[in-house]
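A.B. asks: Chains as they are written, first to last, in my numbering: chain A, 1 to 119; chain B, 120 to 653.
Worth flagging that the hints you see were computed from the coordinates, not collected in a lab. Remember, it's a predicted structure, so these values are computed and weren't measured experimentally. Ideal Cβ placement from N, Cα and C applies to all residues, glycine included. It is possible that some hints are incorrect.
Quick look at which bits of chain B chain A covers, simulated, 3 or more residues with Cβ under 8 Å [what the hints assert, rightly or not]:
#1 191–199
#2 202–214
#3 233–244
#4 331–339
#5 358–365
#6 633–644
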Amino acid sequence: MANPPSGAYRDTSHPIYEELQASAEFQDLRKRYRGFAIPWTIAFLVWYMTYVFMSNWAHDFMSIKLVGNINVALVFGLLQFVTTFGIAYFYAKHSQRHLDPLATELRERFERERKEHGA
Amino acid sequence: MSQQVLTSTLFFAVVLLTVGITVWASRQTKTATDYYSGGRSFSGFQNGLAIGGDYMSAASFLGISGAIALYGYDGFLYSIGFLVAWLVALLLVAEMLRNAGRYTMADQLAFRMRQRPVRTAASLSTVVVSIFYLLAQMVGAGALVALLLGVDDQMIKNIVIVGVGVLMIFYVTVGGMKGTTWVQIVKAVLLMAGSLLITILVLAKFNFNLSTLLGAAAERSGKGAAFLEPGLQYGVTLTSQIDFVSLALALVLGTAGLPHILIRFYTVPTARDARKSVLWAIGLIGAFYLMTLVLGFGAAALLDTGEGSKVLESGGNLASPLLAEAVGGGEGSTGGAVLLALISAVAFATILAVVAGLTLASSSSVAHDLYKGVFKKDQVVTEKDEVRIARVAALVIGAISIGLAIPAQSLNIAFLVALAFAVAASANLPAIIYNMFWSRFNTRGAVWSIYGGLISAVGLVIFSPVVSGEAGLITSMDFAWFPLKNPGIVSIPLGFLLGYLGTISAREPHSEEFYTELEVRALTGAGAEGASQH
Chain A
1 MANPPSGAYR
11 DTSHPIYEEL
21 QASAEFQDLR
31 KRYRGFAIPW
41 TIAFLVWYMT
51 YVFMSNWAHD
61 FMSIKLVGNI
71 NVALVFGLLQ
81 FVTTFGIAYF
91 YAKHSQRHLD
101 PLATELRERF
111 ERERKEHGA
Chain B
120 MSQQVLTSTL
130 FFAVVLLTVG
140 ITVWASRQTK
150 TATDYYSGGR
160 SFSGFQNGLA
170 IGGDYMSAAS
180 FLGISGAIAL
190 YGYDGFLYSI
200 GFLVAWLVAL
210 LLVAEMLRNA
220 GRYTMADQLA
230 FRMRQRPVRT
240 AASLSTVVVS
250 IFYLLAQMVG
260 AGALVALLLG
270 VDDQMIKNIV
280 IVGVGVLMIF
290 YVTVGGMKGT
300 TWVQIVKAVL
310 LMAGSLLITI
320 LVLAKFNFNL
330 STLLGAAAER
340 SGKGAAFLEP
350 GLQYGVTLTS
360 QIDFVSLALA
370 LVLGTAGLPH
380 ILIRFYTVPT
390 ARDARKSVLW
400 AIGLIGAFYL
410 MTLVLGFGAA
420 ALLDTGEGSK
430 VLESGGNLAS
440 PLLAEAVGGG
450 EGSTGGAVLL
460 ALISAVAFAT
470 ILAVVAGLTL
480 ASSSSVAHDL
490 YKGVFKKDQV
500 VTEKDEVRIA
510 RVAALVIGAI
520 SIGLAIPAQS
530 LNIAFLVALA
540 FAVAASANLP
550 AIIYNMFWSR
560 FNTRGAVWSI
570 YGGLISAVGL
580 VIFSPVVSGE
590 AGLITSMDFA
600 WFPLKNPGIV
610 SIPLGFLLGY
620 LGTISAREPH
630 SEEFYTELEV
640 RALTGAGAEG
650 ASQH
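I would like the entire structure built from these sequences, with the hints used as guidance.
C.D. replies: Here it is in structure tokens:
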């Protein structure tokens, strides 16, 4: 890796990072992380904005009473809570199963190599 | 015992407890890591509680339940944005930030970019966001205490603001992150317990039937079924509807850019613990907002909210404390007096914990980013020196906040908080997201997005109806050419756009090269700062 052009930058670096990034495990880890985080972020933002837009412009639909005084607007709002809890839970499970083992393995490899290189 | 004596006694107990915690924590604060991030030794659960304590401000506790009590369903819209926002923090920010940074938001940018410009920009936006948020809490504290003591005396409000300011300076300079965190944990427990108690008492009045509660609220409000539907507050005109979209964007994207929330991710030993803390925080904050729904509709059902009522006159802020009095047995009863004092003390603790977090975030950034990273960039700064500067910065920021809060008392609290969220979403979030996900991102992109988001968000507010014109602060002039109260719908996309344009108009090989290290570190934790050993 080239030296920083001047003292303007943070001055630490380690050649192991390039090697780790190029490894199949890291490529896999990135794919699994982004493959979950990006689509789900888009999904919950669209779902939330749908709720916001309907609160504004679908008044008649939101006012339909379902049970007693409980209307669509309240259920829709509470569903936002349910989906938030649900997505958080699925992300935790996904991380434990598919991300943490790979991340741990890569981190251990980093520690080992750093010791060998004496850095 | 009179109500004032009881309330004052409990307030005093809250102050003593938090001061005690701070003194205890100061004995365990030795290094810079202790001061800035509590030695990174908190567990995920502890930090989850502390995040809750940092996030559930007086604007949430008093403001949302009050807004529901007055506007019905539209008050609930706030809490949904505040909660969903945590998914942005969980999925995109918390873990990677924990691995990439050390003490402040700027650290993860400075990881691969030119130190001086990015640290200056990030520090400035940290201080601006924190001060808006601080003003909201301090103004709220003054109004709350004056209302609770039943005196509408400007002098007493000013004394309370100075008192809160002095306390927050004390927590932060003496207790550092460790003291602040424990104050927030205690507050979160008090707030959850207090809210749960009142929620159960309210529900018991309606045989635990939500529909009956809603029906009673709709009837007593005098607005009928419309009280349970969206639109009373925001649905009036097309402008107010667009304003609501703008607010919703700021709420959902602002949380993950709030500096006092971001630095909480550094207080745990690993990224996994950072994830766990956000999961706990989502559970706590979600449960809390569900309770504010019951508190708000409960207040509408059980209290007088019409013309001349205390709830209406306080802008809704007194709905929860008065509701506690009502379910405790009503005015004049012992149960009512005890619950009113208890909930007021909880609200006071809530304010104290939040202002401490804000002061810590901004003073850390001044010391670590501006002093060490910019002014003394080419010199060696010892840890002791850095922490000393952080303490001085806390003192100065506290003093400035006191000085600004006293004349700012006519500002609406919810507006100030929404503005802080809008600035955080426009100036901070684009830089954080680009930095983590886009290898090409560089110094110019970061600087453009931070300054662009910051200036456009604050600038648009200056030209909004909040500041000038009939309903503004300055009624004698009208320069409100921007029709919305919340700038988010313009300033957030602008922050992202400027980050993009700045980046593609410059090449910075160093930043692209070091993205390798940043990305590996962020995703695996290889080389990340560990917990301090002692």
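A.B. asks: Determine which of the earlier numbered hints do not hold for this structure and return their numbers in increasing order.
C.D. replies: none
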